[in-house]
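Based on the sequences and whatever the hints tell you, model everything.
The listed protein sequences derive, respectively, from chains A and B.
To convert, note that position 74 of the first sequence is 74 in my numbering; the numbers rise steadily by one, no gaps.
To convert, note that position 193 of the second sequence is 1193 in my numbering; the numbers rise steadily by one, no gaps.
By construction, these hints were calculated from the structure, which means they are not laboratory data.
Errors might be hidden in some of the hints.
Here are the simulated distance ranges between beta carbons [as the list claims (entries may be wrong)]: (1) B:Asp1063 <-> A:Pro4: 58 to 66 Å; (2) A:Pro4 <-> B:Thr1194: 51 to 59 Å; (3) A:Arg116 <-> B:Lys1219: 19 to 27 Å; (4) B:Thr1194 <-> A:Asp92: 48 to 56 Å; (5) A:Gly15 <-> B:Thr1138: 14 to 22 Å; (6) B:Arg1225 <-> A:Arg129: 42 to 50 Å; (7) B:Glu1114 <-> A:Gly15: 45 to 53 Å; (8) A:Ala7 <-> B:Ala1107: 51 to 59 Å; (9) B:Ala1178 <-> A:Asp92: 26 to 34 Å.
For every residue, glycine included, the Cβ atom is placed at its ideal position computed from N, Cα and C.
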Amino acid sequence: MNVPWAAGQVPRTQGIAQNDDVVRARQQVRGHAQQCKLSLVDQTKFITAASELARNTLVYGGGGEMRSGLVERDGRRGVAAVFEDSGPGIPDIELALTDGWTSGGGLGLGLSGARRLVDEFFLDTEAGRGTTVSIVKWSR
Amino acid sequence: MAKQDSKSDLAGLLSADRERVVDQWIDSVVGSLKGRISKAEVDRELRELYAALVEALVAGGEDARGDHLSETRALLTELSRNRARQGFTPSETAISVLALKRAFEPALRDGSAEDTDRYLRLSRILDDLALFTIETYTRTREEIISSQATQLMELSTPVVKLWDGVIAVPLVGTLDSARTQVVMEKLLQALVDTGSEQAIIDITGVPAVDTQVAQHLLKTIVAARLMGAECTVSGIRPQIAQTIVALGIEFGDIVTKATLADALQLALKKSGIDLVAHQGGGR
Chain A
1 MNVPWAAGQV PRTQGIAQND DVVRARQQVR GHAQQCKLSL VDQTKFITAA SELARNTLVY
61 GGGGEMRSGL VERDGRRGVA AVFEDSGPGI PDIELALTDG WTSGGGLGLG LSGARRLVDE
121 FFLDTEAGRG TTVSIVKWSR
Chain B
1001 MAKQDSKSDL AGLLSADRER VVDQWIDSVV GSLKGRISKA EVDRELRELY AALVEALVAG
1061 GEDARGDHLS ETRALLTELS RNRARQGFTP SETAISVLAL KRAFEPALRD GSAEDTDRYL
1121 RLSRILDDLA LFTIETYTRT REEIISSQAT QLMELSTPVV KLWDGVIAVP LVGTLDSART
1181 QVVMEKLLQA LVDTGSEQAI IDITGVPAVD TQVAQHLLKT IVAARLMGAE CTVSGIRPQI
1241 AQTIVALGIE FGDIVTKATL ADALQLALKK SGIDLVAHQG GGR
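Written out as structure tokens, the structure is:
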């Protein structure tokens, strides 16, 4: 999916290689969500989704990077984040998006929960090729 | 090392036009620091450094990591530490050494081949010393960061006693595995120490509750239960509540409250304490 980055906006990149980077990614996304003037609930939802995906990138993807920034489509403004890793990929997307299923030691709600927290959710993955997850939340 | 003849002697190069070189050096360093350190202080620092450097070179030391330059390194260590603590950038710190090279350039223009050779040798020493400065600077910064992290870890996890038999942990900031471990240990220890049966975990100060935070919370609560205490989670703000629902996290039979006051009231009730409002209250 091509993220419709707002004109004149260069998405900011944050590497995700250790635990502290998840916090940094979250702070960066918080900045963008505030800039976009999302409501407090939507801000919290988007930040939480980003937090889940950043941690997935770190724990399951073996690290990667996040790009985030403002987006614009048909006059609507929103905020987007793209998480990219070159880890093992997800062999069974259906299974991975099932509530409660985890290949690690988590609650199994990160990926499926993140999908429910945002307006648009795109998962591009292939076993052995890595994973890219893009999320968008539109301002109301 | 044997004393060399004056032409190839580095100490000679430094002593030849000493006042002009040192003045120019001090001026360019003061300029680069943009007045954030007084000229008098820079003056003192750099003159001391220069003297130590000359002394080391007279003694024949040309290895930046060698014994002869240990005095110089000690002064540089102090300088870099101070700069790091005062919030200067690595460049602003290293320039204190590197600017000295620039001070020699005028002399080089109409100098002989020997002068150039001496300049290059001095330049190599100064480069090494500049690298040393940056290393020290970075080390100091890392020390500061790690001590702050430790302080923060302890600061942000107090266990407070609200009533006889009721303790509370107000959580502030990000909950990662390391911090949860500290919180859990402190909470469980406080349960034993105070003989409390009610524990309140207040998450008003936690900016976002994701699945990892929830999982850490659940583990802490289960551990407290195993010790016979009842746990209430308070401080669930509207946006957090909606996020938790969307994420699909189940808190099961764990009691949650919107505010710490509600949680305290519930804990008191469970401990068999009734709060009675007196008539004509407000005194």
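Now the hints, each set against the structure:
1. B:Asp1063 <-> A:Pro4: 58 to 66 Å: 59 Å, holds
2. A:Pro4 <-> B:Thr1194: 51 to 59 Å: Cβ of proline 4 (chain A) to Cβ of threonine 1194 (chain B): about 56 Å, so the range 51 to 59 Å holds.
3. A:Arg116 <-> B:Lys1219: 19 to 27 Å: 24 Å, holds
4. B:Thr1194 <-> A:Asp92: 48 to 56 Å: 49 Å, holds
5. A:Gly15 <-> B:Thr1138: 14 to 22 Å: Since glycine 15 (chain A) and threonine 1138 (chain B) have Cβ atoms about 19 Å apart, the given range 14 to 22 Å holds.
6. B:Arg1225 <-> A:Arg129: 42 to 50 Å: 44 Å, holds
7. B:Glu1114 <-> A:Gly15: 45 to 53 Å: 50 Å, holds
8. A:Ala7 <-> B:Ala1107: 51 to 59 Å: 55 Å, holds
9. B:Ala1178 <-> A:Asp92: 26 to 34 Å: Given about 33 Å between the Cβ atoms, the range holds.
The structure is consistent with each of the numbered hints, conforming to all of them.
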